[in-house]
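Trainee: All chains should be modelled from the sequences, with the hints used to inform the complete structure.
Residue numbers (my numbering), protein chains in the order written: chain A, 1 to 179; chain B, 1 to 223.
Hints may be right or wrong, so weigh each one.
[Stated by the list, open to error] One side only, chain B facing chain A, incomplete, derived with CB under 8 Å: (1) Leu6; (2) Glu8; (3) Val58; (4) Val61; (5) Glu62; (6) Val70; (7) Lys74; (8) Ile75; (9) Tyr76; (10) Ser146; (11) Leu150; (12) Ser209; (13) Thr211; (14) Gly212.
In case anyone wonders, no lab produced these hints; they're calculated from the structure. Owing to the predicted nature of the structure, the values given are computational and were not obtained by experimental measurement. For every residue, glycine included, the Cβ atom is placed at its ideal position computed from N, Cα and C.
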Amino acid sequence: MSNLLQIEMLIGRVGLNDRDAFSRLYDLTAPKLFGIAIRVLGNQAEAEDVLQDTFIKVWQGASRYAVNGLSPMTWLVAITRNTAIDKLRARRQGEDIADHPGLADKRPNPEAAALQSDERRRIDACLAQLEPDRAAAVRGAYLDGYSYEDLSKRHNVPLNTMRTWLRRSLLSLRECLSS
Amino acid sequence: MSDTSLNEDDINLAAEYALGLLDGENARLVEARLNLDEDLRAEVVRWQEKLVPLADDVALVEPPARLKGVIERKIYGVPVTKAGFSFLRFLTIGGAVAMLALTVLWFTLNRDTGDYAAVLADAGRGLKVEAVFDQDSGTLEVARLSGPELPGRAVELWLIAEGAAPVSLGLVPAAGGASVTLPADLAAKFASATLAISDEPTGGSPTGSPTGAVLATAVVQEI
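Mentor: In structure tokens form, the structure reads like this:
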């Protein structure tokens, strides 16, 4: 996608303190990153804080971007997810997990399959090879920021069982993704 | 696994870190290792890249229009004044670690009148730089009093006159001191300027403006 190349070039210019590039980068990527923050946190107010922190980190970290090995959108998504999950963990003490709106199992819309990238098809196919609740655990961790504690409560298993389930599932997933 | 030298524990750790499953302390431990362990870093990158397509499902949401301005004000400081952008305000509001000048000087040279100096210190790095300007001779002495030169990095000294963008005075020596004669226009501004040091790649900023973190600032004092 020429858009990804454009984003990479903008990040490079942001690393040289180019404010116009920062403005353009924000315009191109903020809606996706804001959406991710809202998905993890479940509300707009906290997601706004996360979006601010994310772009401040982008401004400060862009000069070092070239050495981290991540592709441009993955870098931006990773900053957003990490910041959102930190906020979620800080807030989550005492909340009743069962009430969290993200609990419903979400599956990719099969009708949208034709529009998916190859990478998307690949991760979906590999997740489909896991048992459904293990696949849901991986998606839940990534998209909803579930912790081991959240997952073990949701699936009614002890914490260490959930750790073992995920360890096995992640190693199988890795095998599938490498082939 | 044939495509990595990592054992299964580390592969699992990398996946957990990428997913966000590690608690704060364990995540910080992994981050510390990532700086040194290329294989672990490559594995984390691999997981991040493989998982990111899951985010394609997430609905785009347009953020409130005011948010962009809020972010830019936080990063750049207060808006442009009539006199032009104030880099000084940018330095004080931005995220730089800064320690203002000490009043004790470490050089023991004979002082004429018309000498100006500043000491710039970044406590976090144990870095201390002194700059002494002799107005009569137009000579600037810059010395690194403490703090090692980091591999691949350099410390650059900047002169910031009020209302002006930073002008480079050159690189701080890796050790000891160095002298340079300032051009007349910079010499004229030195007495009323603020100095700053920034972290740059080896050879200094490629752009003529600071590109890395501002490590310290100091107002020039007459001595």
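Trainee: Decide, hint by hint, whether the structure agrees.
Mentor: Against the structure, the hints:
With its C-beta approaching chain A no nearer than about 11 Å, Leu6(B) sits outside the 8 Å limit, and its interface hint is violated. The beta carbon of Glu8(B) is positioned within 8 Å of a beta carbon in chain A (closest approach about 6 Å), and the interface hint is therefore held. At its closest, the beta carbon of Val58(B) sits 5 Å from a beta carbon of chain A; the interface hint therefore holds under the 8 Å criterion. Annotation: interface hint on Val61(B) holds; nearest CB of chain A at approximately 4 Å, less than 8 Å.
At its closest, the beta carbon of Glu62(B) sits 5 Å from a beta carbon of chain A; the interface hint therefore holds under the 8 Å criterion. Annotation: interface hint on Val70(B) holds; nearest CB of chain A at approximately 7 Å, less than 8 Å. With a least beta-carbon distance of about 6 Å to chain A, the hint placing Lys74(B) at the interface is held under the 8 Å criterion. Hint status for Ile75(B) relative to chain A: holds, with the closest Cβ pair at about 5 Å, below 8 Å.
Using the Cβ-Cβ criterion of 8 Å, the hint placing Tyr76(B) at the interface with chain A is satisfied: the shortest such distance is roughly 7 Å. Contact between Ser146(B) and chain A, as hinted, is not supported at the beta carbon level, the nearest pair being about 25 Å apart and thus beyond 8 Å. Among the interface hints, the one on Leu150(B) is violated; its C-beta lies about 13 Å from the nearest C-beta in chain A, farther than the 8 Å criterion. About 6 Å separates the beta-carbon of Ser209(B) from the nearest beta-carbon of chain A, less than 8 Å, and the hint is met.
At a threshold of 8 Å, the smallest CB-CB gap from Thr211(B) to chain A is about 6 Å, leaving the interface hint in force. Look at Gly212(B): its Cβ gets to within about 6 Å of chain A, closer than 8 Å, so that hint holds up.
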